[in-house]
Amino acid sequence: MESAHPARGQADRLTGVFWRRPKLLTALLIAPPLLWLGVVYVGSLAALLLQSFYSIDEFSGVVVREFTLKTYAELLIPSNYDVILRTVAMAAAVTVASVVLAFPVAFFAARYARGRWKAVFYLGIMLPLWSSYLVKVYAWKLILAKEGIITWAAEGIGAGSILNAVLAIPVIGGNSLSTSYIGTFLVFVYVWLPYMILPMQAALERVPTSMLEASADLGAGGLRTLRSVILPLALPGIVAGSIFTFSLTLGDYIIPQIVGSSRFFIGQAVYSLQGTAGNIPLAAAFAVVPIVIMLVYLTIARKMGAFDAL
Amino acid sequence: MNAAVEFQSVSRHFGTVRAVDRVDLSIAEGSFFAMLGPSGSGKTTCLRLISGFEKPTAGAIRIFGEDMGDVPPNRRHVNTVFQDYALFPHMNVRDNVAYGLMVKGVDRRARHGKAEEMLALVKLDGFGDRKPAQLSGGQRQRVALARALVNEPRVLLLDEPLGALDLKLREAMQDELKTLQQRLGITFVFVTHDQGEALSMADRVAVFNEGRIAQVGTPSEVYDRPATRFVADFVGSSNVLSPDLTRAFGGPARWASLRPESIRLTDGAGARASGRVTALRYLGSGTRVALEAGGQEIAVLVPSGGAVPGVGEVAGLAWDAAALHLMEEA
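Chains as they are written, first to last, in our numbering: chain Y, 4 to 313; chain D, 114 to 443.
In short, the hints are calculated from the structure, not lab data.
Beta carbons are placed, not taken as given, at the ideal position from N, Cα and C, and that holds for glycine.
A portion of the hints provided could be inaccurate.
[Claimed, not checked] Pairs of lysine-lysine, DSS-like flavour, derived with a Cα cap of 30 Å:
#: 1; chain 1: D; residue 1: Lys236; chain 2: D; residue 2: Lys281
#: 2; chain 1: D; residue 1: Lys244; chain 2: Y; residue 2: Lys306
#: 3; chain 1: Y; residue 1: Lys121; chain 2: D; residue 2: Lys168
#: 4; chain 1: D; residue 1: Lys291; chain 2: D; residue 2: Lys236
#: 5; chain 1: D; residue 1: Lys281; chain 2: D; residue 2: Lys244
#: 6; chain 1: D; residue 1: Lys236; chain 2: D; residue 2: Lys217
#: 7; chain 1: D; residue 1: Lys217; chain 2: Y; residue 2: Lys306
[Claimed, not checked] DEER-style ranges, computed between Cβ atoms:
#: 8; chain 1: D; residue 1: Glu374; chain 2: Y; residue 2: Arg23; range: 54 to 64 Å
#: 9; chain 1: D; residue 1: Lys281; chain 2: Y; residue 2: Leu229; range: 38 to 48 Å
#: 10; chain 1: Y; residue 1: Lys149; chain 2: D; residue 2: Asp197; range: 55 to 65 Å
#: 11; chain 1: D; residue 1: Ala223; chain 2: Y; residue 2: Pro81; range: 46 to 56 Å
#: 12; chain 1: Y; residue 1: Gly12; chain 2: D; residue 2: Gly250; range: 47 to 57 Å
#: 13; chain 1: D; residue 1: Asp197; chain 2: Y; residue 2: Val102; range: 22 to 32 Å
Given only the sequences and the hints, what does the whole structure look like? Please build it.
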C-alpha cells in the first residue's frame, strides 16, 4: 500500500523537527543577535564600566588596575563638572527645541497628510539623513559664519543690529553664530530633528480620530484637547524622540568641535582624554555620565506615566 | 411639540460621492429616533452633521430652532456615544466620565461626585478607578454612555453603539437604553444597520438608502407599509413582487410587498397561487421555505411545529388580501 504522505527529503525532516520543538527554532534564530548584544555590546560596556573604577598614576601616567572611586571624584572638580553641566544643558535645550519644532510637523503628517503628501513628508524628513553628517555640519559652519548667508541676509533686511544684540548675550553669544553656543545649538537641532519627528509622528498616528472628536464633543476646544488628550497619548513618542535627541547630543563630539566656542562637551572630553592625555579611566568615567543621566531620565519618564499608554 | 433637530434640504458631498443628498428631516423633542440603513447609506454622515464633525455642503441644520451653520462641535448641546466608544485610555473611568465637566471648569470634588452618579445610572458603581482597558466591551459601552450623559445634553447621538456587543448583551442593552431614554426624557438619535434593533427601540425610524431618506415613520408603518421596494426588502426582507406577479397574485399591476410570515402553505384549499419548493432554511423559531412561483423566488416563514414540505414538492400559497401591500414607487 502506498503511503498517503510523499517521500520526505532532508528539508522536510528538518521542518518536522522544528515543528515538534518550536523552542529550538526560536533559540536558533535568537542566538546570533543575542551573542552580538551580549558579548560585543554589553561586554564592551562592562569593560568601560570596569575601566572607570581604575585610576591613573599621576607621576608615571600608568593605569593602576585597582578598584577606586578616585576617578569619579575627579568628575566633580570644577573644570570637569562644568563640561558635564554644559553638555546636559545643551542636550536639554536641544530636546525641548526639537519637541516644539517637531510637534506641528508630526501632527500634520499624522493627521492631515495623505498619499502624495505623506511621501513628500517622509522624503523631506529623511533626505537630510542620507547625506553625510560631516558635510552638513561644515555647511552649517559656512551658513553661520560671520561672512555667511545669515549675517548677509540680516544686514540686507536691516536686522543686523538684532543679530548683533543676540550675539551680545553673555555666555550663549559670541563673536559670530558659528563660534557661539547658539550656533552649536542650531546645528544640533537641525541634525537630530528627524529623530524626534519620526517617533512622534508614529505615536500621533496611533491616536484615533474619534478620540479627538470625543473631546470636542464633550465641549473641549483645541487647546484643551491638545493638553488633555493629544499630548498624553503622544507622550511615549515624545519620550522616544527625546531619548534620541538627548543622548545623541550628550555623546556627540564633532558638532561642538566644528561649530561653537572652544569649550569642551562630554564627547570632546572623552576624545581628548583617551587620546593625547592617555587617561582611559577618566575618559571611561566621563562616558558613564550620559548612561547614568539617561537611566535617571527614563526612570522619571516612567514614573510620570510616559509608557502607560504603550 | 418642538423639533429637536431639523434638516432642511441638507447635502454632504465628498467629491463626487453624495453621502447625504437633499435630506429633509425633523426629529421631535423627547423621541427615540432611529436612522436605519445599510453601510454607506448616509446615516452615520447625518449623525456627524448633527454633532458638527461634518459640515453640510448645502442646506441648513437647526437644533432646537438654532441654526448650526457656524457652531463648532464643542459649542453644540449634543453629545455622542461613539461606535468605538473612544474612551481616553490614559484616564481612569471616573476621569473619562467627568471629562465634560472638567472642560467646563467644574471643581474636582463636584465633578467626581457627578461622575459617580452617572456611573450608578449605568450600573457601574465602584468601577471609577479602573482603566478602560480593564473593562469588557459592554462595560466600556456603559462608560461611553455615562460620559456622554454627564453634560446633560438635550440630544444624545448614538453611532451603532451596540454593534460590537454579542447577541445576549446587545438585547439587554437595547432594553436598558430604551428605559434610560424614557427616564431621562431626552432625545435619542440612534444609528444602526440592524432593522430589528431599530424596530424594537425607536418611536420613529428613518430608512436611508444611497444618501436619501426612503421612508420615515413609526416602526409599524415602516414594517407594514413600506414605501419603496428598498424599504420592503431591507426592513424584514419582504417578498417584493413585480407588477406582473402582483397581477398574477390577484392584485393590480403595481409593485407590492408580501411578508414571508403573512403567507401560509396549504395543500390546495384557499390557495391564491402555488410554487415549487427550492430550498429550506431552519431558523429555530421556524423554517424559511423558498419557493419558485411565477418566475420569482417567494419566501414563506413556516412557524415552528407547522408542516414543512420537502424540496421539489409543490405547495399552495394563501394569504389575507390585506397582507398584499401595494407600493407607490416603482
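Any hints this thing doesn't respect? Which numbers, in order?
-> none
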